[in-house]
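Peer 1: Taking the hints into account, I'd like the entire structure generated from these sequences.
Chains as they are written, first to last, in the UniProt record's numbering: chain A, 1 to 381; chain B, 1 to 221.
Because the hints were derived from the structure by calculation, they are not lab data. Treat the numbers as computed from the prediction; the structure is a model and nothing was measured. All residues carry an ideal CB built from backbone N, CA and C; glycine is no exception. Hints may be right or wrong, so weigh each one.
[Claimed, not checked] Listed below are several chain B residues computed to face chain A (Cβ distance under 7 Å; list not exhaustive):
(1) F84
(2) A102
(3) T111
(4) S127
(5) S136
(6) K138
(7) N140
(8) I142
(9) A154
(10) G157
[As the list claims (entries may be wrong)] DMTMM-like, lysine to aspartate or glutamate: derived pairs with alpha carbons at most 25 Å apart:
(11) K45(B) to D106(B)
(12) K36(B) to E26(B)
(13) K17(A) to E121(A)
(14) K30(A) to D344(A)
(15) K138(B) to E21(A)
(16) K107(A) to E20(B)
(17) K36(B) to E9(B)
(18) K138(B) to D82(A)
(19) K180(A) to D88(B)
(20) K62(A) to D88(B)
(21) K202(A) to D269(A)
(22) K62(A) to D179(B)
(23) K169(B) to E99(A)
(24) K138(B) to D297(A)
(25) K107(A) to D179(B)
(26) K169(B) to E109(A)
(27) K138(B) to D344(A)
(28) K45(B) to E247(A)
(29) K381(A) to E121(A)
(30) K357(A) to D28(A)
(31) K357(A) to E21(A)
(32) K180(A) to D106(B)
(33) K357(A) to D82(A)
(34) K45(B) to D245(A)
(35) K17(A) to E354(A)
(36) K381(A) to D297(A)
(37) K180(A) to D92(B)
(38) K107(A) to D88(B)
(39) K107(A) to E26(B)
(40) K169(B) to E21(A)
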Amino acid sequence: MTQLYITAASAYGPLGKSLDEIWQAIMDRKTTGSMLHVASGRQYLAATTHSGHTTNTQSYAKSFAKGLRGLVLDLDFDTPVDVIFVGTAVGNLCEAEHEVYVGCELKAELLDFANLRPMLEGCPAIGPDTEIVVVPTGCCAGLQAAGLAKAVMARMGYRTGIVASLDMGLTPLAFEAFAKINATANREGHVEGAPISQPFCKDRSGFLFADGGGAIAVSIDTPLSGAVPRLTGYGCVSSAYHMTDIETDGIPIAQSILLALADADCTPDRISHVNLHASGTQQNDTAEHNALHATLDGALPPITAFKGNHGHALAGANMLEIAMTWKMMITGMVPPTPKGLAVDAFDDVIARTEPTKLAPGAILKTASGFAGIHATLVLEK
Amino acid sequence: MQTFFCLHESDGLRTGLLNENGRHREETLTAREIGKFVPRREQRKIPQAAIMAGVLFEHFELNNMIRDLGGNPEQIPLVVCNRFANWDHVADAMAPSPVITARGIDSYVATAWFPAAVQGYLTIRYSNTAQAITLSTKSNPIVATMVDHLRSDALGGMAVLASFEYVPKRIGQSLVTGDVPQLYGAVSLITAQDSVAAIEIALSQHRAIAAGAIHRTPELV
Chain A
1 MTQLYITAAS AYGPLGKSLD EIWQAIMDRK TTGSMLHVAS GRQYLAATTH
51 SGHTTNTQSY AKSFAKGLRG LVLDLDFDTP VDVIFVGTAV GNLCEAEHEV
101 YVGCELKAEL LDFANLRPML EGCPAIGPDT EIVVVPTGCC AGLQAAGLAK
151 AVMARMGYRT GIVASLDMGL TPLAFEAFAK INATANREGH VEGAPISQPF
201 CKDRSGFLFA DGGGAIAVSI DTPLSGAVPR LTGYGCVSSA YHMTDIETDG
251 IPIAQSILLA LADADCTPDR ISHVNLHASG TQQNDTAEHN ALHATLDGAL
301 PPITAFKGNH GHALAGANML EIAMTWKMMI TGMVPPTPKG LAVDAFDDVI
351 ARTEPTKLAP GAILKTASGF AGIHATLVLE K
Chain B
1 MQTFFCLHES DGLRTGLLNE NGRHREETLT AREIGKFVPR REQRKIPQAA
51 IMAGVLFEHF ELNNMIRDLG GNPEQIPLVV CNRFANWDHV ADAMAPSPVI
101 TARGIDSYVA TAWFPAAVQG YLTIRYSNTA QAITLSTKSN PIVATMVDHL
151 RSDALGGMAV LASFEYVPKR IGQSLVTGDV PQLYGAVSLI TAQDSVAAIE
201 IALSQHRAIA AGAIHRTPEL V
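Peer 2: Encoded structure:
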């Protein structure tokens with residue numbers, strides 16, 4: 001069984017520019033999100049890292065490059081890693097789309113999801129021999145990037161690596177595309193003062209579109225000191241159901257959980273915490289709830305769902321949430337649920353008003369995304 | 001291993017097989033023939049690359065071949081290489097004005113633009129519930145190793161390796177410049193007998209087809 005040791009983590013999101021800032025905001029039960037005025041002249045609910053991002057695309061154009069670079073620098077490598085895996089849904093869309101709006105020629109490199117090396121030039125973690133591979137599969141891409149790392153690193157002789165995921169997708173094109181399929185949270189029915197992103201709440205109306213991401217430093221070698229969080233299991237299936245809809249029976253999610261548990265050689269009774277995808281759509285939350293009951297024995301363990309704090313940054317959300325999960329494992333604490341979030345959709349998923357201790361055991365991390373991909377990680381310490 | 005390709009030509013889609021000697025069994029499919037494989041009402045909802053994927057699978061009856069080779073089309077791992085997403089679906093809707101662009105966005109953009117559109121199209125159309133992944137990379141060894149990893153648990157030791165790209169010449173009013181792939185697709189059926197090195201060669205062949213570097217086998221044309 002291959003396992004990856006997670007030696008460091010970084011994060012960037014609407015609640016902070018670093019992992020520690022975001023962690024503190026989440027421990028303080030903060031939420032974010034507001035009505036954004038976009039360059040298309042339309043307004044959408046969103047949570048953003050970028051205070052200047054309202055009516056022009058210029059100020060947002062370099063966000064993906066800056067964000068990715070920041071995530072990698074924050075991992076504090078002083079020598080190059082062997083490989084970097086990056087999950088993303090929309091890649092460098094912000095820059096390419098901006099070029100269209102200013103009427104410039106579009107260089108093919110700008111459209112190329114694999115062209116990340118120029119963005120990372122000068123980062124100590126990136127050397128001339130560092131391989132870069134991008135998983136552009138949407139809202140599951142971060143977990144798929146981690147699964148890819150777990151599958152290939154040891155076999156290819158890579159000892160150190162980075163798994164990152166990032167999306168800075170708050171562009172006129174993306175806003176409108178998601179609005180057209182009614183995937184995103186809207187004003188209708190939204191209670192003033194309540195958090196906009198409402199996973200596992202009866203009133204959830206769709207996901208709160210956000211930007212941000214996270215990264216982890218991974219190694220196949222056993223660290224010299226202390227117990228280090230490890231990625232021990234990975235499972236992934238295709239639902240073969242719909243590009244964007246999820247079957248509410250949760251069967252494909254359950255299958256990905258069972259595959260991940262088998263890969264980790266972990267029994268369901270050892271799961272002491274679950275960090276869910278919890279996008280805040282009716283379909284997703286019902287499917288995940290059913291999948292947990294189908295796979296875990298007895299009462300559900302404590303659950304975290306960080307999209308309730310800062311929305312859904314597409315693939316970027318995956319590693320942002322894994323970075324927070326890593327922080328839970330390092331500190332031994334589980335954050336409370338966001339202030340004002342009802343968490344009333346299911347009787348056995350309840351809100352926590354205070355931080356609690358993380359129980360010993362293994363953690364499940366789930367994600368579901370575009371093209372009917374469902375993936376699960378098992379993390380242990 | 002068997003590799004099938006598809007190239008866009010002015011009068012239709014050029015399809016054929018590929019082996020170490022080059023391209024053979026080539027045929028150009030007209031719009032009417034393409035419509036038999038991917039109905040026209042569906043074509044307007046999906047990107048050109050997905051249409052090509054459907055054409056390749058149907059024209060060459062790839063699922064029958066997978067069964068004949070000992071695999072299960074509903075449980076076969078799928079690795080798709082795509083680096084440039086599917087801008088063709090929004091190219092005409094986009095304009096220098098974001099206001100005009102937003103007006104032109106249809107409800108299929110959220111499913112058609114993404115690089116994983118071909119992956120989703122193939123898994124959904126053929127009820128394939130195996131693990132599938134789309135990769136954007138210049139590293140053939142990483143892709144080949146992932147294919148090898150995925151097929152290890154699959155029936156018949158089989159996997160599907162595909163490459164699809166299409167970048168329109170113009171997006172909105174912006175001309176796309178530089179090293180841009182033409183519309184092409186390639187699908188290789190990987191069997192238990194194929195080495196990782198052979199999978200890497202298949203990937204190189206996919207890219208060579210796109211670059212026009214592999215030509216017809218004269219005696220077979």
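Peer 1: For each hint, tell me whether it holds in the structure or not.
Peer 2: Verification of the hints:
Because the closest C-beta pair between F84(B) and chain A is about 5 Å apart, less than 7 Å, the hint holds. Hint on A102(B) holds. Least Cβ distance to chain A is approximately 4 Å, under the 7 Å limit. A distance limit of 7 Å between C-beta atoms decides the matter here; for T111(B) the minimum to chain A is near 4 Å, and the interface restraint holds. For S127(B), the suggested interface contact is upheld, since its CB lies about 5 Å from the closest CB of chain A, less than 7 Å.
Because the closest C-beta pair between S136(B) and chain A is about 4 Å apart, less than 7 Å, the hint holds. Restraint check, K138(B) versus chain A: the minimum CB separation of about 6 Å is within 7 Å; hint holds. Taking 7 Å as the C-beta cut-off, the interface hint given for N140(B) is violated, the closest approach to chain A being about 11 Å. The criterion of a C-beta within 7 Å of any C-beta in chain A is met by I142(B), whose closest approach is roughly 5 Å, and the hint holds.
Because the closest C-beta pair between A154(B) and chain A is about 13 Å apart, greater than 7 Å, the hint is violated. For G157(B), the interface hint is violated, the least distance from its beta-carbon to any beta-carbon of chain A being 16 Å, above 7 Å. The straight-line distance between the Cα atoms of K45(B) and D106(B) is roughly 9 Å, inside the 25 Å bound, and the hint therefore holds. A C-alpha spacing of about 19 Å is found between K36(B) and E26(B), which places the hinted pair at or below 25 Å, so the restraint holds.
Restraint check for K17(A) and E121(A): satisfied, since their Cα atoms lie roughly 21 Å apart, inside the 25 Å limit. Using a Cα cut-off of 25 Å, the hinted pair K30(A) and D344(A) holds, with the two alpha carbons roughly 19 Å apart. At roughly 35 Å between alpha-carbon atoms, K138(B) and E21(A) are farther apart than 25 Å, so this suggested pair is violated. With a C-alpha separation of about 34 Å, the suggested pairing of K107(A) with E20(B) is violated against the 25 Å cut-off.
The straight-line distance between the Cα atoms of K36(B) and E9(B) is roughly 18 Å, inside the 25 Å bound, and the hint therefore holds. A threshold of 25 Å between alpha carbons decides the hint, and for K138(B) with D82(A) the separation of about 15 Å falls inside it, so the pair holds. For the hint pairing K180(A) with D88(B), the CA-to-CA distance comes to about 18 Å; that is within 25 Å, so the pair holds. In summary, the hint linking K62(A) to D88(B) is supported, as the alpha carbons are separated by about 23 Å, within the 25 Å threshold.
A distance of roughly 29 Å separates the Cα atoms of K202(A) and D269(A); the hinted pair therefore is violated under the 25 Å criterion. At most 25 Å may separate the alpha-carbon atoms for a hinted pair to count; K62(A) and D179(B) meet this at roughly 22 Å. For the proposed pair K169(B) and E99(A), the alpha carbon gap of about 15 Å is at most 25 Å, so the pair holds. Of the supplied pair hints, the one linking K138(B) and D297(A) is violated, its CA atoms being roughly 44 Å apart against a limit of 25 Å.
Our distance criterion of 25 Å between C-alpha atoms is met by K107(A) and D179(B), whose separation comes to about 9 Å. As the CA atoms of K169(B) and E109(A) are separated by approximately 14 Å, the hinted pair is consistent with the 25 Å bound. Between K138(B) and D344(A), the direct Cα distance comes to roughly 47 Å. Violation of the 25 Å bound is thereby established for this hinted pair. Taking the CA atoms of K45(B) and E247(A), the gap is near 21 Å; set against the 25 Å cutoff, the hint holds.
With a C-alpha separation of about 33 Å, the suggested pair K381(A) and E121(A) falls outside the 25 Å cut-off, and the hint is violated. Taking the CA atoms of K357(A) and D28(A), the gap is about 16 Å. The hint holds against a cut of 25 Å. Annotation: proposed proximity of K357(A) to E21(A) holds, straight-line Cα distance about 20 Å (limit 25 Å). Only pairs whose Cα atoms come within 25 Å are accepted, and K180(A) paired with D106(B) is accepted, the gap being roughly 7 Å.
Between the alpha carbons of K357(A) and D82(A) the distance comes to roughly 36 Å, so the proposed pair goes past 25 Å and is violated. Among the hinted pairs, K45(B) with D245(A) is consistent with the structure: their alpha-carbon atoms are about 16 Å apart, no more than 25 Å. Distance hint between K17(A) and E354(A) is fulfilled; the C-alpha atoms sit about 24 Å from each other, no more than 25 Å. Of the pairs offered as hints, the one joining K381(A) and D297(A) holds, with about 21 Å between alpha carbons and a cut-off of 25 Å not exceeded.
For the hint linking K180(A) to D92(B), the alpha-carbon distance of about 17 Å falls within 25 Å, and the restraint holds. Taking the CA atoms of K107(A) and D88(B), the gap is about 16 Å. The hint holds against a cut of 25 Å. Taking the CA atoms of K107(A) and E26(B), the gap is near 33 Å; set against the 25 Å cutoff, the hint is violated. Taking the CA atoms of K169(B) and E21(A), the gap is about 44 Å. The hint is violated against a cut of 25 Å.
Of the numbered hints given earlier, the model fails hints 7, 9, 10, 15, 16, 21, 24, 27, 29, 33, 39 and 40; all others are met.
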